Every structure is written in structure tokens, then in C-alpha cells.
Amino acid sequence: MVYFDSIEHMLAGAKERELPLWQFVLRVSAGDTGMTEGASWQQMQRTLDAMRACDEDYDPEARSRSGLVGGDAEKLRLAVDRGESISGPFVGDILQTALRMGESNACMCRIVAAPTAGACGVLPAVLLPYARRYQTRDSELIRALYVAAGFGAVIAARASISGAQSGCQAEIGAAAGMAAAALVYLHGGDEEQMAHGCAIALKNLMGLVCDPVAGLVEIPCVKRNAIGAMDALSAAELALAGIRSRIPPDEVIDAMRAVGEALPPSLRETGRGGLAATPTAQALRSVLL
Amino acid sequence: MNVFDLIGPIMVGPSSSHTAGAVRIALVGRKLLGGRVAEAEILLHGSFADTGRGHGTDRALVAGLLGMESDDRRIPDSFEMARQLGLAFRFGTVELRGAHPNSVLLRLKSPTGDAVELEAASIGGGRIEVRRLDGMPLCFTAEQPTLIVTNADQPGSVADVSHLLAARGINIATFQVNRDSRGGRAIMVIECDATLPASLVDEVADLPGILKAVCVN
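Those protein sequence lines, which keep their order, are chains A and B.
Read the first sequence against my numbering and you will find it ends at 289, with the numbers running on by one and no gaps.
Read the second sequence against my numbering and you will find it ends at 217, with the numbers running on by one and no gaps.
Worth flagging that the hints you see were computed from the coordinates, not collected in a lab.
None of the values given here were measured: they were computed from a predicted structure.
Here a beta-carbon is modelled for each residue, glycine too, at the ideal position from N, C-alpha and C.
The reader is advised that the hints may include incorrect statements.
As the list claims (entries may be wrong) - Partial selection, computed: residues in chain B whose CB lies under 7 Å from chain A:
#1 1
#2 6
#3 14
#4 15
#5 112
Said to hold, decoys possible - With the Cβ distance kept under 7 Å, some of the chain B side facing chain A (calculated, not the full set):
#6 10
#7 12
#8 13
#9 51
#10 54
#11 67
#12 71
#13 74
#14 76
#15 123
#16 124
#17 194
#18 195
#19 198
#20 199
#21 210
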């Protein structure tokens with residue numbers, strides 16, 4: 001039985017085996033990879049630890065090899081700490097965590113690809129601030145990561161998690177869908193709500209193009225981690241309030257695939273279209289390469 | 001389905017294909033050489049040549065040659081470490097016909113003068129494929145223990161090698177055989193389900209008609 005070809009099958013599989021979704025994902029993944037469930041759990045704990053270490057070890061002085069990225073998360077932290085944030089400390093924490101991760105990635109620090117390196121900031125940017133606010137235990141965060149992985153597996157199977165294939169909607173977009181489901185889980189939502197949170201997040205970033213300046217995972221990738229995290233937060237809020245995606249989640253993912261296929265190559269990680277084609281980006285490219 | 005393909009790998013940034021994959025390619029090259037690398041000529045193709053520097057592909061490749069894994073925090077410092085550890089490296093670019101855009105050609109020499117040449121591609125998500133070894137086309141991912149045997153194209157070699165594996169109770173997952181010409185040079189790529197002991201690789205190398213046997217565990 002293939003469970004991860006659709007959200008419908010995934011949720012039905014969990015129900016059939018009378019398991020919560022996180023545990024169903026853990027069990028199937030462990031079985032498929034020949035890992036014990038205990039070893040898988042430990043590896044997920046290490047993964048969570050690596051996300052946290054990256055957040056804590058952020059160096060405000062670090063700059064990427066191109067010199068284009070670094071220090072912005074610190075600017076935001078200082079503004080939030082001064083009480084200048086429009087949206088308050090929790091949202092401020094999410095935004096700066098997303099930037100810390102994205103900047104750290106560009107600066108060759110150790111990150112967790114989720115689902116890709118360029119989108120590494122989205123999941124930790126919702127999980128870590130949530131845990132700081134609600135004193136969530138690691139075991140709950142790990143369960144949320146399995147939930148996120150389950151939805152990510154369906155997105156990967158049914159659409160794509162590669163910017164070169166489907167644009168940024170498949171990286172930051174997919175990460176936002178996964179993070180929305182994780183957040184719904186953490187806040188006590190049921191499995192239908194997780195699915196709808198994921199779908200709403202995916203819909204909101206559908207069509208996002210992959211247009212890295214000079215081909216580097218820097219501009220606009222780092223800041224898009226912040227918007228991906230915001231997308232996840234708003235989608236989770238909606239889903240937790242009982243708002244449903246009028247288009248069923250699996251159809252949303254199918255639409256995402258079709259949109260990805262319709263994107264011209266210039267908007268799929270080639271660094272030739274979108275922002276990468278602007279005069280400023282061209283000038284940067286000629287200096288850097 | 002593997003959850004760690006979705007949440008993972010834990011890696012040094014910025015790119016799973018241009019950084020993590022590059023480390024893995026070079027590490028496989030080091031293993032194919034059988035250990036320490038003294039000299040390396042690193043020729044970048046396609047996107048590796050175009051955007052490699054900004055992605056740290058160069059430092060990632062040298063890190064792999066030094067034996068680092070793709071989550072090693074010392075990757076950004078690999079050039080300095082190479083100088084301290086006596087690895088001489090030289091970069092260039094190359095146009096490889098029909099190759100994946102993220103490809104590299106590595107020419108490696110050991111301190112004792114052994115040499116290996118491999119062409120490999122980083123195919124996304126940190127996964128790699130070795131596409132050519134010492135000029136012979138082949139394809140393996142190094143995701144499971146792999147035995148690579150070069151032999152004279154003559155009857156019995158495949159049977160001899162598989163017999164030795166069977167004697168150790170090692171199951172073969174996939175088996176590829178290629179040759180450059182009839183009666184010429186042949187290469188076997190054998191992906192296995194269990195770790196390949198060094199003593200087994202030595203036994204294979206001592207078989208009649210075998211020119212070279214190496215493994216990547």
C-alpha cells in the first residue's frame with residue numbers, strides 16, 4: 001500500500017492503523033528505511049538539536065562569501081527588543097529566527113535542510129519560537145517534525161520539493177505547508193486541520209518563482225524564509241479556527257505541480273529571470289562571478 | 001519514504017547540491033583512492049563551474065578530499081587545512097560532454113603514487129552519482145557499500161567475485177558490468193547490503209585477471 005502519494009491516503013492509513021499521524025509517519029518511514037523506530041526518533045532528536053544549535057550559534061558578524069548576506073537577523077532582534085515591532089515579540093521572534101537560519105546557511109554554517117537548504121529557516125522559525133513561548137517539550141516538537149515530514153513526503157511525491165524543477169513554491173512554499181501542519185499539530189488541531197493548514201499555506205505561495213541573484217542561495221532566499229514562516233503561521237491560525245481550504249489539499253498539491261511545470265526555465269533556479277534579471281542583480285553577478 | 005529526506009540532511013550550507021553533494025563526491029573519491037590524498041586536480045563543469053565559488057563548492061570538494069562529511073563545521077576552512085595537511089590541489093574548469101550540470105572531474109594521487117580519476121554529479125538533495133571511473137562509464141550512488149572491480153575481459157571473473165561475496169554471506173543488491181572492448185578491460189560495480197571488509201577486497205584483488213579492486217563503504 002502506498003500511503004504518501006496523497007494526503008487522503010496518508011490520513012486514511014493512520015486512521016486504519018489507529019495511530020496518531022506522527023506515529024504513523026514514524027512507523028512507515030522506519031519500516032521503509034530499515035531503521036528501528038527508536039533509532040529514527042534519536043535521529044530526529046539530533047535533527048531538532050541541530051536546528052536549535054544553529055539558532056543559538058548565530059553570529060551577527062558573519063557574512064556570506066559574496067558579502068551580500070549577514071547581520072539582518074540581528075537588526076531585527078534589536079528592533080524587536082526596543083519594542084519597535086508592529087506585530088509584537090512572538091512574531092518578531094519567528095521573523096528573526098527565520099533570518100538567522102537563512103543567513104547561517106548562506107554563511108556556510110551547519111543547518112538542517114527542511115525540505116531544502118535554501119528553505120532551512122521556515123520550520124525552525126515556527127517550532128523554536130513556539131516552544132519558547134509555550135515551554136513545549138522536545139518530544140512534542142519531534143512529533144511535530146514527523147507530522148511535517150509526512151506532509152512533505154506527499155508534496156515531494158505529488159509535486160516537487162526542488163526549485164530547479166518547480167520554482168520557490170516547491171522550496172519555501174513546501175516548507176511553509178509542512179510548517180503549517182506542524183504548528184496545527186502543536187496547538188492541538190486535528191488531522192483534518194493539519195491538512196487544511198498545509199493546503200492554505202501552499203495556496204498562498206503558489207507560483208513563487210526561483211530567481212536567485214547570481215545563482216546563489218542568498219537573494220531573495222534568506223528573506224523568503226521569513227515570509228514562509230509567516231505564511232505557515234497565518235495558515236495554521238486559519239485552520240485552527242476551523243477554516244477549510246475550499247480546494248481539497250491533494251488538488252492544491254496537483255495545482256502546484258502544474259504551475260511548476262508551466263514555469264519557464266528562467267524562473268527555475270537558473271538565475272536568469274525574475275529578480276536575477278534586474279539591472280542591479282546583473283551588476284552584482286558580473287562583480288561576483 | 002524516508003523522513004530524513006524531507007527533514008535533513010544536517011549539513012553545512014548553503015546548497016545541498018553545490019555544497020553537501022560536493023563534499024560527498026570528494027569523500028567518495030578519497031575512498032576510491034584508498035585513503036589520504038596528496039595531490040588533486042579538480043575540474044568543474046556546468047553550474048559547478050559557474051556558481052561553485054559562491055556556493056563554497058570549491059571548499060566543499062577539498063573538505064571531502066580531507067575526509068570530512070557534509071555536516072563538518074570545518075568545511076569553510078578546508079583550504080587552510082589542506083595546506084597544513086599536505087594536500088596540494090588545483091582547480092580548473094572542464095566541458096564534460098553530456099554531463100549533469102553539477103558535475104566535477106577529480107584526478108587524485110595518493111602519497112605512494114596510486115591514482116584515480118572520477119567523474120561524478122551532484123543530482124540534488126545532497127545525493128550523488130559517480131558516472132565514470134578511470135575513464136570507464138558506470139553509475140553508482142555510494143549510498144550503500146559498493147565494490148568496484150576492474151578486470152581483464154575473460155570468462156569466469158564475475159563468477160569468481162560473486163563466489164567470494166557469497167562465501168562471506170554478503171548479499172548483492174545490484175550488479176553492473178561494462179567493458180571497453182571485447183577481450184579488453186571490464187569493470188564490475190557491485191552494490192551490497194553489508195559492509196565490505198578490507199580483507200575481502202584484498203582477496204578479490206588477488207583473483208586471476210583482476211586488475212584492481214576498491215570499495216566504498
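Each hint tested on the structure:
no.	hint	verdict
1	1	holds, 5 Å
2	6	holds, 4 Å
3	14	holds, 4 Å
4	15	holds, 5 Å
5	112	violated, 33 Å
6	10	holds, 5 Å
7	12	holds, 5 Å
8	13	holds, 3 Å
9	51	holds, 4 Å
10	54	holds, 4 Å
11	67	violated, 17 Å
12	71	holds, 6 Å
13	74	violated, 10 Å
14	76	holds, 4 Å
15	123	violated, 10 Å
16	124	holds, 6 Å
17	194	violated, 12 Å
18	195	violated, 14 Å
19	198	violated, 24 Å
20	199	violated, 26 Å
21	210	violated, 31 Å
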